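Since chain A is already given, all that's left is putting chain B on it; use the hints.
Heads up: the protein sequence lines correspond to chains A and B, in order. Heads up: the first sequence is residues 1211 to 2116, going by the working numbering. Heads up: the second sequence is residues 1211 to 2116, going by the working numbering.
If you're looking for bench data, these hints aren't it; they were derived computationally from the structure. Values in this document were obtained by computation on a predicted structure and should not be read as measured data. For each residue, glycine too, the CB sits at the ideal point set by N, CA and C. A couple of the hints might just be wrong.
To be verified - Keeping only pairs whose Cα atoms sit at most 25 angstroms apart, straight-line, the calculated DSS-like set for lysine-lysine is: (1) K1828(B) / K2022(A); (2) K1838(B) / K1828(B); (3) K2022(B) / K1886(A).
Claimed, not checked - Just so you have them, the derived chain B footprint on chain A, three or more residues with Cβ under 8 angstroms: (4) 1937–1948; (5) 2012–2021.
Take a look at the letters that make up each chain.
Protein chains: 2
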Amino acid sequence: MARHVYSFGAGKAMGRASMREILGGKGAGLHEMTRMGVPVPPGFTISTAVCTHFYENQGTYPEGLEREVARAMARVEKIMGRRFGDGDNPLLVSVRSGARESMPGMMDTVLNLGLNDETVAGMIRRTGNARFVYDSYRRFVQMYGDVVLGMKPDKADPHDVFEALLERKKRARGVRDDTELTAEDLKGLVAQFKREVRRQRGVPFPEDPVEQLWGAIGAVFGSWNNDRAAAYRKMYGIPDDWGTAVNIQTMVFGNQGDTSGTGVAFTRDPASGERRFYGEFLMNAQGEDVVAGIRTPQPISALAGVQRTAYRELQRLGHVLEERYRDMQDMEFTIEEGRLWLLQTRTAKRTGFAAVRIAVDMADKGLITRDEALQRIEPDHLSQLLRPVFDHAAKETAQAKGRVLARGLPAGPGAATGRIVFHATDAEARRARGESVILCRVETSPEDIRGIEAAQGILTARGGMTSHAALVARQLGTVCVVGCDGLSVDYRSGEARIGKAVLKEGDWLSLDGSTGEVIQGQLRTHPSDVLRVLLDRNREASASPDYRRFAKLMRWVDEARRLGVKTNADLPEQARISRAFGAEGIGLCRTEHMFFEEQRIHSVREMILADDEEGRRKALDKLLPMQKGDFKAILGIMDKLPVTIRLLDPPLHEFLPHTSADIAALAKVFSIRPRKVREKVEALREANPMLGHRGCRLAISFPEITEMQTKAIFQAACELRKERKDPRPEVMIPLVGSLEEFRAQREIVDRVARDTMKAYGVKVRYAVGTMIELPRACLVADQIAREAQFFSFGTNDLTQTCLGLSRDDAGKFLPRYVAQGLLPEDPFVTIDEPGVGALMALGVERGRSACEDLDVGICGEHGGDPKSVVFCHDLGLDYVSCSPYRVPIAKLAAAQAALRTKGSPE
Amino acid sequence: MARHVYSFGAGKAMGRASMREILGGKGAGLHEMTRMGVPVPPGFTISTAVCTHFYENQGTYPEGLEREVARAMARVEKIMGRRFGDGDNPLLVSVRSGARESMPGMMDTVLNLGLNDETVAGMIRRTGNARFVYDSYRRFVQMYGDVVLGMKPDKADPHDVFEALLERKKRARGVRDDTELTAEDLKGLVAQFKREVRRQRGVPFPEDPVEQLWGAIGAVFGSWNNDRAAAYRKMYGIPDDWGTAVNIQTMVFGNQGDTSGTGVAFTRDPASGERRFYGEFLMNAQGEDVVAGIRTPQPISALAGVQRTAYRELQRLGHVLEERYRDMQDMEFTIEEGRLWLLQTRTAKRTGFAAVRIAVDMADKGLITRDEALQRIEPDHLSQLLRPVFDHAAKETAQAKGRVLARGLPAGPGAATGRIVFHATDAEARRARGESVILCRVETSPEDIRGIEAAQGILTARGGMTSHAALVARQLGTVCVVGCDGLSVDYRSGEARIGKAVLKEGDWLSLDGSTGEVIQGQLRTHPSDVLRVLLDRNREASASPDYRRFAKLMRWVDEARRLGVKTNADLPEQARISRAFGAEGIGLCRTEHMFFEEQRIHSVREMILADDEEGRRKALDKLLPMQKGDFKAILGIMDKLPVTIRLLDPPLHEFLPHTSADIAALAKVFSIRPRKVREKVEALREANPMLGHRGCRLAISFPEITEMQTKAIFQAACELRKERKDPRPEVMIPLVGSLEEFRAQREIVDRVARDTMKAYGVKVRYAVGTMIELPRACLVADQIAREAQFFSFGTNDLTQTCLGLSRDDAGKFLPRYVAQGLLPEDPFVTIDEPGVGALMALGVERGRSACEDLDVGICGEHGGDPKSVVFCHDLGLDYVSCSPYRVPIAKLAAAQAALRTKGSPE
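Bound conformation, chain A alone (with noise of 0.2 angstroms):
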């Protein structure tokens, strides 16, 4: 028979700290530590696959538990000397949850379990402290009460009951603290506790301690599938079928008088990563008061001076668990008269700037192998170092003032702060007389792309993390709050409402993008240290430690990684940014989003207005030298790097106004009737646009928009060549089905382009491929392949037909969706592996086995999302390509997947 129960204490353990996946993390670590002698209160653990019978077996434990958990309780009885429930010298326990992940506060603990009417007598005649013991067992009958009993609050009173009982006693006695509380009035209040379970519950609270153990152990089991917990693990990608472990552990009290407390430490600082002790403390205490916040804790270092010689082991302990664990520990420790007692240890939680200074420094004093540092660091954490950030004094401020509004959608991180305005074109005109600007709409739409690039920080009323503000943004590297419930805004009235707060143009607003909080005010923000020097042409000048460490970090990421990273990028700003960011060329520049600008969106408007071919071409030629103006800057900037150039994609009347007053403007400008522009907006409509008359499709209708573009490319190219610079174009036709449609563009791109190569007597180096994203696309690329000379996955739009959803109206389901299982991730974050994932895998081995050395990436959002980023590796592509601030991000995820491909620890 498999054992069940793992016994430790008293220097020697059952388990060690390579047992997690039967110990849970906490076990393991009490295991580990109790092996090396570090002090840790005897105790045992009863494994996760007692967890996973419990759930497969309607909440019964395996044959013989029992027997297990009473020798293991002898185990520890011997160690201390006590016994459990004796009246005279009684052992507690506390009995904790632990799963393989750190799942902290998702789950439930009982402490100081054991006590009774009986052993409290005994507890007192031990400690002779009568006012701890009542203290410790009115802490127990809450604890167990919420946790075992499930005791719910009064419908008069929403708090937990016992809270509200013990508010009435410390109002009755006229005090503010628990500590002014005498033995006599806790005593009273366990009578009370107690009264108020029997009379909800029915049933007197249980005094024998077998009878509360168990108790406690089925409420940590049954916690497992609680709904936080479940929502947690459904967050973390923490698999339901792990299970949790649980921890029955001899109590230790910080509550035991002035020599007595409890605490966290960390080996290191979590938020800055520097290397120094760091922690806090509470004398005279449990753990859940430091949690609760309800007295306000000590930093670790004045533990010195109240206790020394426990301080100096704290700091000596946590050396020996970091060099044991090659990690930043975070400590849970208590002092039970004078003495330390470690309760947990784990690795601890840290920001990006403290990944990144932890991993780097590690590495740098041969802690660890740059490999290991590599896998350190959340490649999203990166993102954290390249954000404006909110200064930490004035957002605490904010947030103790009540001006925290809403919380949307954290869709571009960073902090912003600006005045607050409803229309693109006031963002724009704010903007212009040097104001900051925070847009905020019900949804954004390209015509507000001019607005969205003048304003400091977007929040949206609708959409999700994937939505067009959401895209725009992160692809500006501009702060974003989307899908933010409760925020209405009513343009005519130029005013948003949240709560009851009014928000009207002008008044200043918050947003913290990493976080999705929406406050109220003007809160004071600066530029991330390694952003300012990244965006400094004399780095060395300025370098920073927080820049010296990123730029070494990014060294070691690209001598580790085989895929490589481009950037989607559509103005010159943008590609001088991913330049800096150390993108390797840009894999989708977006012709159209050039189209928006004043003087442009006029010709482009009056080419879709236009009779005929001759109509579209006059106004074709406007746009020509335009185009060709921004197409050489960008090829200038990324000389020697391949820029991949779609050509025009979305459905035309996305260039159109649709209100009467701006069809009759557009009318005036022209002078035509507006009806006749009313009812070219209404030819243009279409029911499901997504589907309908864009990409190639257009170009197939209109030869003479490729054409153009293709013309203003081969100018701009040829006219750097000329200036001796190298520019490496490669021509992307979108929305392709089938060869014949990509035969038929690519005709006409590589005639214009040999047209104007000989017009200007100078060579380009080109290539014309298409971007990937119809299912048909994936099931015939062997035939496109024969012909196109790299595929390009679009996996937003790959996603939508493939699943069937529309990326627009999908939030009305698909968060349900997702936090019900149905779907395992939101599909546009993090691609949907089994359905276009596995399009994608067709189209990689149909592609290539017509064209050994296709050269296949994937400019989708999704080139940016690390676990995408896995997956293109394992797919064998070329390149991901995403917007300029996520390129670090997609690099490290890109070594990460290298190194577990090479089977390095991980």
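Same frame as chain A, but now just chain B:
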């Protein structure tokens, strides 16, 4: 070196019937007839390989071809005792195209070649008939000028220049008929023609017969790629690389006087299939006179009175050739001074009625096998037997009077006549008064369903062959013409315009849904014989010969096919019809179509407008008995046969009104503010409804809908069980993309089914499966098949998502796509095999890998398309499901597919 030229004549021929690929159909026929001793003017055939060479080598010929042609010509000269270009006894030839498949009238022909000023004199001497010779010369110069020299009409006169000169001459002579012009008149015309050639082309008319010959050969090869021919090939699926052969053959003259003539004869009546000698002829005429319709030909029976011997011989040859080719023949003949010559024989085109009659008759007579009989009939042709038909004479009169206003797409075959209305409600109202109605709309929507049901015919300005109107019409068997360019509808004034014709509500209009013709006024129609008998319960009593043949054919079909054929039917009446048509169950019963009836739509809207689940349940409770009633009727009619019921599919906004007036009216009905309705409409609006909140996504959001529908199904089934019937419901979950979605819905269905059966105390055999209509579903089919009992491919939506092509919007560019060969066929008509077909193959393979005996079918519109049926057979599907009227067609296609697999002769 391969042979390029094949001679025939005087009972000997180098080719034979089996050499169609090389000699073309016409050529192979000429060679075979020659071998059989049929009198064929001697000649030779230049093979199709030369055509291929011609196109692959910039219009040049293979080496040695000239020599081969000269040798072959010499052989003909020897047989005929005349010389090509000889001034005394000239040989004249015809130069004709002849592809593998007949492409009547698409390519060019030159007759009387070899005439010039010198040979004309010799001909006159030989025949003593100057008028005939100059008539031939005039025809030759005209034909050669048009075909070879590319003469264009004058700008002033859009007619053929030569025809214009001929007309002028006739006016000058004061005559009406060509035959009234004298030899001198014609001689003068020839001179005029030649002058006109020189004026327009700048070169003299070629006098050298050899130059004439090569000019004509080049023109015939060139005509393979003229626009008409290319379009024809596209339409009939003839590959571009087959090429045409060229037949050069001794001229015989039907215009050599009153004992000469020409005509066309059929061995059976091509309209009815009746076994009688059929055709028409003209004395003293050449072939094109029959075709051109300038003189009215006489029925072939009259030939007996004019040329008895030739007539008898022709009849005899008809028998011989029909026996030889084992199919009805269509023969071209010429009588030259009493002697009969056959110029061509080919398998005759025929109507559906004739095709069935001939195939069945021949099989009954043992001339062909039953399998061959089945392969002789185009499946689509069967629909002719089932549609009402216009009275022939009435339609001819309408055509003559110019009352055919336009020609749209023939979306629903048959003949319909009625009073025009522009609103569905008006259609219902007039129908209720017993009037026949044609519903005329810009396009139709689901709200129009009742009106469409009420109408005899549907006419729309927009939309293609698979638009809403077309789909519903075919489903209902309603006559339908869609995409009628030039039709404009003004709902406000209640009138439509086509060209100059104004149609007001109540005016009579007729639609020919087989041709797309829109005809002003009322035209007589009557139901087809077959249909009348099929729907008549007392079949035996009233059986017609047409019906008997149809029924016999369908028995053979049922014996031959492997693939099951079910039907798509939403209403009891459709179910009844489909059983008559031999459907083996209902493959798709769309529950939402039941929602549009007046009483129901009210409850549906109440459900949508409800604020919470309680409100929705209240409204659903009202719908339950109505849905139950429908299901009971349908399951009862289909007793013992499976009925696949799809749960609610369309997005909810389809059930709400959209105009202000309708919204206001609805608000009044529910006594709520219009603003609330408008907000709901607004909230439900989607950017891409096709990819939005529909199918099982709705049911995931509102599981109470699934509960109600399932309850209705099983209450109905249980009641039928109690009545000792055997209902076979199969519940189909729409738009499933993952196993988890399917499972969530299946759990509800199983629970409700269990509860309902328990309440009634009976068992119902049922299955739960899913519609496979998303690419993702095909890709994860192995997962879904673990729990789904059947798959039904929804190829309409699968086509939209696989190709990223909105059916509602594709009209703007899809026709161009098909015409330009960017897509092989309209993917909404015939399954797109490389894309959608590949996904289906994946779905079948993966699905069956998880569940070997998974029942797999198709219920998209493609289920009634013969080519797609063959594809489904090859894919190993279990059944196809199509609209009731297409059941016989799908069955025949399935039989043909099975026979082809079996390796039967084509």
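Results for each hint:
| no. | hint | verdict |
| --- | --- | --- |
| 1 | K1828(B) / K2022(A) | holds (23 angstroms) |
| 2 | K1838(B) / K1828(B) | holds (16 angstroms) |
| 3 | K2022(B) / K1886(A) | holds (19 angstroms) |
| 4 | 1937–1948 | holds (count 3) |
| 5 | 2012–2021 | holds (count 8) |
Every hint from the earlier list agrees with this structure, and none is contradicted.
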